[in-house]
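J.: Chain by chain, the residues:
There are 2 protein chains.
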Amino acid sequence: MTNRQIILTTVPEGALGPHHFELTEAPMPAPAQGEVLLRTVLMSIDAANRSWMKGATYRAAVQAGDAMPTYAICEVVESASPRLSKGDVVAAEVVWADHVVRPAHKVQKLPPVQPLTHLLSVYGIAGKTAFHGLMQVGQPLAGETIVVSAAAGSVGGYVGQIGKALGCRVVGIAGGAEKCAFVRDELGFDDCIDYRSTGMFKALRAACPDGVDVYFDNVGGTVLETVLGLMNERGRVVCCGAISQYDTDTPTGPRNLPGVVVVKRLRMEGFIVMDFARDDAKAMRALQAWVRAGQIKVTEDVVEGLENAPQALIGLLNGENRGKRMVRVGPDPT
Amino acid sequence: MTNRQIILTTVPEGALGPHHFELTEAPMPAPAQGEVLLRTVLMSIDAANRSWMKGATYRAAVQAGDAMPTYAICEVVESASPRLSKGDVVAAEVVWADHVVRPAHKVQKLPPVQPLTHLLSVYGIAGKTAFHGLMQVGQPLAGETIVVSAAAGSVGGYVGQIGKALGCRVVGIAGGAEKCAFVRDELGFDDCIDYRSTGMFKALRAACPDGVDVYFDNVGGTVLETVLGLMNERGRVVCCGAISQYDTDTPTGPRNLPGVVVVKRLRMEGFIVMDFARDDAKAMRALQAWVRAGQIKVTEDVVEGLENAPQALIGLLNGENRGKRMVRVGPDPT
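Same order as they appear, the protein sequences are chains E and U.
Residues in the first sequence are numbered from 1 upward in steps of one, following UniProt numbering.
Residues in the second sequence are numbered from 1 upward in steps of one, following UniProt numbering.
Copies of the same chain are indistinguishable here, so a pair counts whether it falls within one copy or spans any two.
With a straight-line cut-off of 20 Å between C-alpha atoms, the simulated SDA-like cross-links for lysine to any residue are:
1) K86 / G330
2) K86 / P111
3) K297 / Q114
4) K54 / R265
5) K202 / L230
6) K282 / I272
7) K106 / E93
8) K109 / R39
9) K297 / R322
10) K264 / D275
11) K264 / A60
12) K54 / T226
13) K106 / I272
14) K54 / L230
I should point out that these hints are in silico values taken from the structure, not numbers from a laboratory.
Isolated chain E (complex conformation) (with noise of 0.2 Å):
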């Protein structure tokens, strides 16, 4: 019996393609003693990826030869450790492959949520970044703006829609007038600039007539520019992502760094979300409750099949996404 994994055959420089990737299919791993044998059922596809292909960050750096690795929601189907048993679903830290073997300290098993992909999605990675980033680094209050770049993909919807449960002007930022009208009308922010439309430093002032107070930025570069024009003073701007930089050899950084940052007396703070694990629960409780009272719509974006993770990947660095991507390598377990 064989497995299917993919390989980083190539770091890339500037653009990702497919032929940065390859399909090869190695023996069925075994699980030594403390180890388990898991099935992957979905995997996460994150911008954060691509980051990792461009030197250490916090993990080690993606190197030629690699398999890719990935966040994923994974079935034990052997276990060799008390920890756990055959059938329990868990999330672990894993590569892009049908099968992988890991110490079964390093795997969480999950609670009992339906569908699976809510875990990745709104209770997963999106929705805890979402919550953690804009609650703990924005602090928004109740009235003020906040603006969040990449509304349309995972982290920013849920970021614009929390913003609405808490009372404030929220106004998105997406590539293309199909995406905005999503954010607008889909997930309800009070507006979405096209960011690749002329003109966006109008468009955004007209649409923030009292400024922006939080600015949630997934992407730098000329966009953060932008939206670091319009801060009020004491602004807050979380950095989450840098989407923009990631997946070229030529960043550019916002021309008017540091400058506004000192005139404005704005704080810049970057996290990840592990960074806030001791509140995940805190996060699970309330993003429920948001989500039960219908004012978090959950959205997901599942593309079918390991082989097709490296166009899910790429695609998704070239915004075609729309919410939570990820990969269903599996079914769920019965």
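Position chain U against the provided structure of chain E, taking the given hints into account.
T.: Only chain U this time, still in chain E's reference frame:
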């Protein structure tokens, strides 16, 4: 009787030069009811003066034809207000001139400190900016490493000496070997790196073997980009100024922003000294204690004569000052 004042005749594009200013004579102003006539004694020369010409900041932009604004120490020579008497020594926002009329409620009577110059340097805008920025925004702890740019300048020198008094490792950045020697030998920094030399990144890395916890940024630009690459996780960047960006029409942003802020979970925060005015008494008490204990050396750079104010500012923007630069317009009150 006439009054000399210096006008900004044109708003500079690119570097500031003497041709942007003109010394003029006007009739001596007279105070109306509620106003005072001030004689300028000492004018503060600050990098921020140049940024005021670039547009609205925390104050209105300086425009062509305006007398050049400044903070100054003045003597009341005629009072039409019960608030102040002839002979009082005050701090005021005035202009580059021998005499200025101001509303009495807009000027602040000064405590009896000698020499008066200390009220612009260690106990004035420079020392308070260093104290509030480092203590309230940077929040260093003993044993941490502080890096400060423009270390031979007014604010930078006090930042480093306060850091040493707190038990931190302190590394300066300055332009040229002579200035670096001043920072190390006269101000007592642990080390000082010449940003004009090649290999600044490597030199700074060697000087900060435990990484950088607090970066007090007075310059922005490529120096900021370099230090960001050496910050520790959870590091704090105190955004005080961006002198490298003021005297140019082609500012450059650090290319690693905001990516490095996310990955290292940095906090970058801007401030201006007036934000912390309510804590000025604390600053004064602490600075006086350190000066008395010999832990802070007061460095001042006094240029004589109102007519030399333009060159004093131009020279400061080119980094020629050591310590707090000011212009003496007239003698101390007797």
